[in-house]
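Q: Please model the complete structure; the sequences and the hints are all you need to start from.
Chains as they are written, first to last, in this note's numbering: chain A, 1 to 283; chain B, 1001 to 1283; chain C, 2001 to 2302.
Hints may contain errors.
[To be verified] 20 Å max Cα-Cα, derived DMTMM-like pairs, lysine to aspartate or glutamate:
1) B:Lys1092 / B:Glu1115
2) A:Lys124 / C:Asp2266
3) B:Lys1092 / C:Asp2266
4) B:Lys1209 / B:Glu1115
Read the hints as simulated data drawn from the structure, not as lab findings.
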Amino acid sequence: MRKWKNNVFVAVTGACALLSCGVLLLIVGAIFFRGLPAISWNFFTEQIRLVGAAGGIFYNLVGTLILISTALVVCTPVALGVGLLCGVYGRHSRWRERFMVLLHLLNGVPSILFGILGLIVFVKFFGWGKSWLSGGILLGAMILPTVTIALIERIESLPAKYLEAAAGLGLNTSQIIWSVIVPQSLNGLITGSLLGLARAAGETAPIMFTATIFAGATLPHGIKESPVLSLPYHIFVLAQDSFDPSVGEKLWGTALVMVGMVVLLSLIALPMRLRIHEEAYHP
Amino acid sequence: MMLRSLRLPLLVSTLLAPLWTGAATLKINGSTTVNLPVAEAAEMLRAEQKMDIQVDTQGGSSGGISALGDGLVQIGMASKHLSDADRAKYPKVSFKEIHIGEDAVALVVSRDVWESGLRALTKEQVRDIYEGRVKNWKQVGGPDRRIAFFNKEPGRGTWEVFVHWLYGDPKKAPQVSLPEVGGNEESRNKVASTKGAVSQLSSSWANGKTVFALALKSEAGEAIEPTTENIATHKYPMSRPLFLLTNGEARDEAKVFVDFVLSERGQALVKKHGYLALEQLKK
Amino acid sequence: MSIAGWKRRATPTLLFSFGFSAVAVLFLLMMLVLFLWQSIPVWRHEGFGYLFGKQWFYRGQQFGALPMIYGTVVVAALALVMAALVGIGTAIFIAEFLPSRARLIVKIMVELLSGIPSVVYGLLGVLFLRNWVYAALAHFDPLSGDTLLTAALLLAVMILPTIMTLTDDALRGVPSAQRTAARGLGLTHTETILSVTLPQAAPGVLSAVLLGLGRALGETIAVFLVVGRQDNQWPSNLLSLRPLIESGQTLTSKLGGSETHIAYGDPLHWAAIVGLGLILLALTVAVTMTGIRLGTRKASDA
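A: Pasting the structure below:
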């Protein structure tokens, strides 16, 4: 009887697992097989023509790269600052708890609200119109928790002996930070950044009011009124405005490129992340 | 990875960009209906005359008007006349409507409605359907099926032409709560894939394969189809002009663009996308 | 780590750290303050009717957010139930019954798949899911394939990986000594899981579920494309299932739509839109805070 219950349970949970993996594989398969026909060298190097029916996605790629690079530049100092505060200066104080709460709160904010905030601050108050910089800053804020938490986990898992040795050699705190802690925790920062960028690359809501347009932008010039094209917004517009067969393939191709970018960034981060993860949970 | 190594050069060139961009950017925004020929015209001018043109379709016709009024673009695209309210909102702007072609708004239905024999509706019937008094197709001569009305987003030129015909003034349109669709393709796709569906759609998009345009019955009971003839003579009531809007006379790049669209090649584009060119209109 | 004898001197590094940390704090505060401030006109106009009003007609200056709150909550709750059932089941399977090699492979696959952007999910929803739902529900005569249920299904798939990964972490965090002890007492594997591992992992699992809820509440793009965007869909009977197969509107689908552009120039309309953002913020903050509180009540060590 009990054995029977055991088998049923295994079967049920196994079925769940099968369902999950099946659904997820189906999705990836759909994107892959529908998008593959569109992928070619030209796809990457040409720009959009005929409202998406011809040409490639060159400037969309460029735009997305600009946005995530900016996000990285904006996010890194703040992540480092908060990381040092929690991991070094405020290590055993209540500050760490407070900032973890802050980071989790920020992480939970829906992405559309970043877009609305950008509309208020950058478009309305600053009068920038649509600007790549607004998009970069908003995306940077959005990925801050991901980057920072990865960094903090890394800092906190640094073996004490490195720091004690450094202190023993007479280094003061600042020196210890820059010569020991930061270099050693760099891979945590990189891992977090890669994961954050993977997320930022795919986000539409923060940038659709503030930074991106559908066609016509190439490289931005200046800050005001300088939007960029982007991959996710391209898909978003075409999903609503065009189902012509000629566009469909390109649309899937764009989706495949986006998913590919995300997967690639996550894959690079994966070995490091698994290691940090295991160290944190099973020291 | 190729893309990542492009990032630094791209960033640098972004920063240096102001040094080499010479001519001013021509910005165009507005109706998705007008966008089709305009986007293609922009592509041609970009390729041939190296003009820097940005085209976007934020907010439809209303978005085009407000973008022009707010000084964010040099040319607005609208598929409806400017109303007094529009002009009153921007008293300092002298809007100029440049007629580039003509289109009609049709009520398109799904295959099952069309094949039941329903081919035309009167204004009263449409009003009853829109306001929810008539909920089943059989009440107006169609199959026994709930009416799925996909309402165009208010603010879209297509919607305004529709309510203008029904009520004479968009302001007099009653408040209704119907499922909404945005762009023309979303409208077509949803009608095509849903039984008993109807929506407002630019008549050139009614392909007669997946969605079908109904005729409108006049006061005398004559069913007027949205044919080229009927639209050109304004016999079909829901015809609408396609406009490029400028603030005062078009200058510089804007003038080049407007002249192009009014030229033979530009008008050929208008026809190519299913609309009526100016020469086809009989006043 | 305790560096013996470090003192808090105002070194440049310290200032750097404190300075940038302040930036992070100020950002969140700014968001809250701005949303509150910009939405004041609508609170004045409607008072509490804003939250409980059932009619949203912006041209008539009527702003009631209740149907959208209903839509948001229903879609998120439904998605959560579906994702939690399947996700926790999957996590139990991979954490407890799979050999570690297979477990790692599945885990990596799931991790990667959780990165698929929401707009791609939206695309899949528009082109496939809404037609499947329409066909499957044909017996019940839905108006179209754009329903609250469609949005919930799409969301469920989107938050599934999150719940799965975190539940797996929580389960693995239970010390193996506990499990061994239970097996030593003669419990079957299932009984061990149900009476020892799962209760111990409960705070972590709850956190996972709440995190999934937070994401479901805040998802915009995918929901926007398949929910139908029909305003004022307040059910006459709250307990009936009918609204699930009708179109609806959520806070996020309204915010991501065309009204945000239209509202831009009009103070009252704009305040109403920002107010929706405020309500959404409040909901997600509440869920996040609950998740944090529950997460800190970790199970005691063996």
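Q: Each of the hints needs a verdict: does it hold here or not?
A: Hint-by-hint comparison with the structure:
no., hint, in the structure
1, B:Lys1092 / B:Glu1115, "52 Å, violated"
2, A:Lys124 / C:Asp2266, "13 Å, holds"
3, B:Lys1092 / C:Asp2266, "18 Å, holds"
4, B:Lys1209 / B:Glu1115, "11 Å, holds"
Against the hints set out earlier in the document, a violation occurs for number 1 only.
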